[in-house]
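Sequence order for the protein chains is A and B.
Just so you know, we're using my numbering here: the first sequence kicks off at 33 and counts up by one.
Just so you know, we're using my numbering here: the second sequence kicks off at 39 and counts up by one.
Calculated from the structure, these hints are not laboratory results.
We put the beta carbon where it would ideally sit given N, CA and C, even for glycine.
Just so you know, not all the hints are guaranteed correct.
Chain B regions said to be covered by chain A (calculated; three or more residues, Cβ under 8 Å) [as the list claims (entries may be wrong)]:
#1 67-75
#2 243-249
In silico DSSO-like pairs for lysine-lysine, Cα to Cα no more than 27 Å straight-line [unchecked claim]:
#3 A/LYS106 x A/LYS225
#4 A/LYS269 x A/LYS173
#5 A/LYS185 x A/LYS173
#6 B/LYS68 x A/LYS185
#7 A/LYS35 x A/LYS225
#8 B/LYS171 x B/LYS68
#9 B/LYS170 x A/LYS185
#10 B/LYS76 x A/LYS173
#11 A/LYS225 x B/LYS177
#12 B/LYS170 x B/LYS76
#13 A/LYS35 x A/LYS263
#14 A/LYS185 x A/LYS106
Partial chain A-side listing against chain B, Cβ under 10 Å, derived [stated by the list, open to error]:
#15 SER77
#16 ILE102
#17 GLY105
#18 PHE209
#19 ARG237
#20 LYS263
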Amino acid sequence: MSKLDNAIYEIHDLDDLAVRDTPLTGIHPLIKLLVTVFFIILTVSFDKYQLSAMLPGIFYILLVFLAGDIPFGKSMKKLRIILPLVCMVGLFNVFFDRIPVLRLGTFVVTGGMMSAVTLMLKGVFSVLASYLLIATTGIDKICYALRLLHLPKIIVLQLSLTYRYITVLLGEANTIFCAYILRAPRQKGVHFKVWGPLIGQLLLRSMDRANDLYDSMVLRGYRGAFYVGDKIPFHLKDWMYLILWTGFFVLMRCFNLVQLLGGLFV
Amino acid sequence: MHMADALVSPAVGLVMYGATAAAAGYSIYKVRLEENTKKVPMMAVMSAFVFATQMLNFTIPGTGSSGHLCGGFLLSAILGPYAGFLSMIVILLTQCLLFADGGLLALGANVWNMAFYGCFLGYFCIYRPMMKKGFSNVKLGISSILACVITLQFGAFSVVLETLLSGITDLPFGTFVAAMQPIHLAIGLVEGLISAAVLIFIYNTRPELLTNDEMKTNKEFSMKKLLVILSIAVVVCAGGISLVASSNPDGLEWSMEQVAGSTELEDSGDSAYATAANIQDTTALLPDYAFKDSDSAVGTSFSGILGAAIVAGLCLVICLAFGFFRHKKKKA
Chain A
33 MSKLDNAIYE
43 IHDLDDLAVR
53 DTPLTGIHPL
63 IKLLVTVFFI
73 ILTVSFDKYQ
83 LSAMLPGIFY
93 ILLVFLAGDI
103 PFGKSMKKLR
113 IILPLVCMVG
123 LFNVFFDRIP
133 VLRLGTFVVT
143 GGMMSAVTLM
153 LKGVFSVLAS
163 YLLIATTGID
173 KICYALRLLH
183 LPKIIVLQLS
193 LTYRYITVLL
203 GEANTIFCAY
213 ILRAPRQKGV
223 HFKVWGPLIG
233 QLLLRSMDRA
243 NDLYDSMVLR
253 GYRGAFYVGD
263 KIPFHLKDWM
273 YLILWTGFFV
283 LMRCFNLVQL
293 LGGLFV
Chain B
39 MHMADALVSP
49 AVGLVMYGAT
59 AAAAGYSIYK
69 VRLEENTKKV
79 PMMAVMSAFV
89 FATQMLNFTI
99 PGTGSSGHLC
109 GGFLLSAILG
119 PYAGFLSMIV
129 ILLTQCLLFA
139 DGGLLALGAN
149 VWNMAFYGCF
159 LGYFCIYRPM
169 MKKGFSNVKL
179 GISSILACVI
189 TLQFGAFSVV
199 LETLLSGITD
209 LPFGTFVAAM
219 QPIHLAIGLV
229 EGLISAAVLI
239 FIYNTRPELL
249 TNDEMKTNKE
259 FSMKKLLVIL
269 SIAVVVCAGG
279 ISLVASSNPD
289 GLEWSMEQVA
299 GSTELEDSGD
309 SAYATAANIQ
319 DTTALLPDYA
329 FKDSDSAVGT
339 SFSGILGAAI
349 VAGLCLVICL
359 AFGFFRHKKK
369 KA
């Protein structure tokens, strides 16, 4: 499967996940967005040696996975893009920070090792939290939540329209690329001699499509304003979801829950 | 160059959000001024175009490897810098949400690194001045390559600064810069070549598409605007980023600590040193970049802004003294 096919498949897959009837899809999009942002800020706010303090974050990730009925394997694929850079930065810490911080039998854990693992865990948590938000909410509802947060309507409208046209243009790019590859086999990418005509053609088609889109929008009454659909009301369960998770995150930040739990047995 | 959330601290992430929000706010104001209802659908489809194009691999001649397009500069050249910047925000937000490429908290930093320089610096400092007297294949090619290479260098350098200020890595500044800058030189060159190929193709087939609203106005260079942009940058850097700057010793202090065991030399009792220190204590309004007898963070911000204002004032006095602002007499 080509990179373009893969992208189209992933977008459709996310759309399918977001429209299912699960306990999480029923939660108000603004609440889910706020909880996700709070979780990410909290996760990255931990010091580079506070590995044990941030471990309870796994509960949030696991519970959202279970409540949202999200396939675990597919979401792990999302880590492939961002994790290499995080790992690279983390691995350098191992070489530059050699102060021993922990001894496990004969094995000495250095500060660099600790900070590298913490950094990787931060990366995994934040990527999975973003993925879980989009997989249980969908882009249209996220746009609605962003409007409630008073994000400028030009950006929200553009986000919504871009999302609608991404799959169309990915499909068009895929057709052009397929035709090119069939005529120029055994090439790693597009030959530099045709960079201009190939992308230029796609660009010209896109601009013509933009004109058609504008005409059709005008015919449907578009005058530059943003019209939202039905309002999504807040329910008790939404507030409960917000309060419970926020409370858990505050506890996690103020106390080292793992250490407290360990203290009960030692 | 997409930064993950794990690579920025909340303080740096939020400061970069603030800087990006200021640039986005001004761009929205400028796009609204155009009163062109067609602009938003055009921006949306162009964003989707760049998104799709980023998925294509382009063979780099003679290397056996391939590269891809970022699109910030290309969007600016076609849509104008303000619409291009807003389109890049949407592209980066979509990439972050759909493909987990870049983080939600790091979005402000990513927009700054990948869109701000490409859209504004590349457009206003390189592309527009070069196209002032008309388009040509050569000028389009040179401006694209220059803009992409230079703006990507700025972007990569910003990544280094943001990561170091976040206190994420123990990598020394020099090593980090040496790792980031050369690779982005190559990436910038590839991006520049792709952008040049596309712009030259458009120029030869549909040249009217290259004259966006910003080009049509053909404004002269505005010193006032430059000063406003620089002032905003100073307030963001001196007032905001200084709060999250590392408390570790700087290069000289670090070297002294290694040699002498302390970042400052002990007073040898010499009266000249003591007198100088006394004078300094009396005259220093903000000792150690803070208010006297106060540890308030506001003092650090105030010191940064005041210091920048004093330097700017001194520069102004020197310029006035040497007559840099004297207007040339118009020929009759």
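So, going through the hints one by one against the coordinates:
no., hint, result
1, 67-75, "holds (count 3)"
2, 243-249, "holds (count 3)"
3, A/LYS106 x A/LYS225, "violated, 37 Å"
4, A/LYS269 x A/LYS173, "holds, 18 Å"
5, A/LYS185 x A/LYS173, "holds, 14 Å"
6, B/LYS68 x A/LYS185, "holds, 15 Å"
7, A/LYS35 x A/LYS225, "holds, 22 Å"
8, B/LYS171 x B/LYS68, "holds, 24 Å"
9, B/LYS170 x A/LYS185, "violated, 33 Å"
10, B/LYS76 x A/LYS173, "holds, 25 Å"
11, A/LYS225 x B/LYS177, "holds, 19 Å"
12, B/LYS170 x B/LYS76, "holds, 26 Å"
13, A/LYS35 x A/LYS263, "violated, 37 Å"
14, A/LYS185 x A/LYS106, "violated, 32 Å"
15, SER77, "holds, 5 Å"
16, ILE102, "violated, 13 Å"
17, GLY105, "violated, 15 Å"
18, PHE209, "holds, 6 Å"
19, ARG237, "holds, 9 Å"
20, LYS263, "violated, 23 Å"
Comparing the model with each earlier hint shows violations of hints 3, 9, 13, 14, 16, 17, 20; every other hint is respected.
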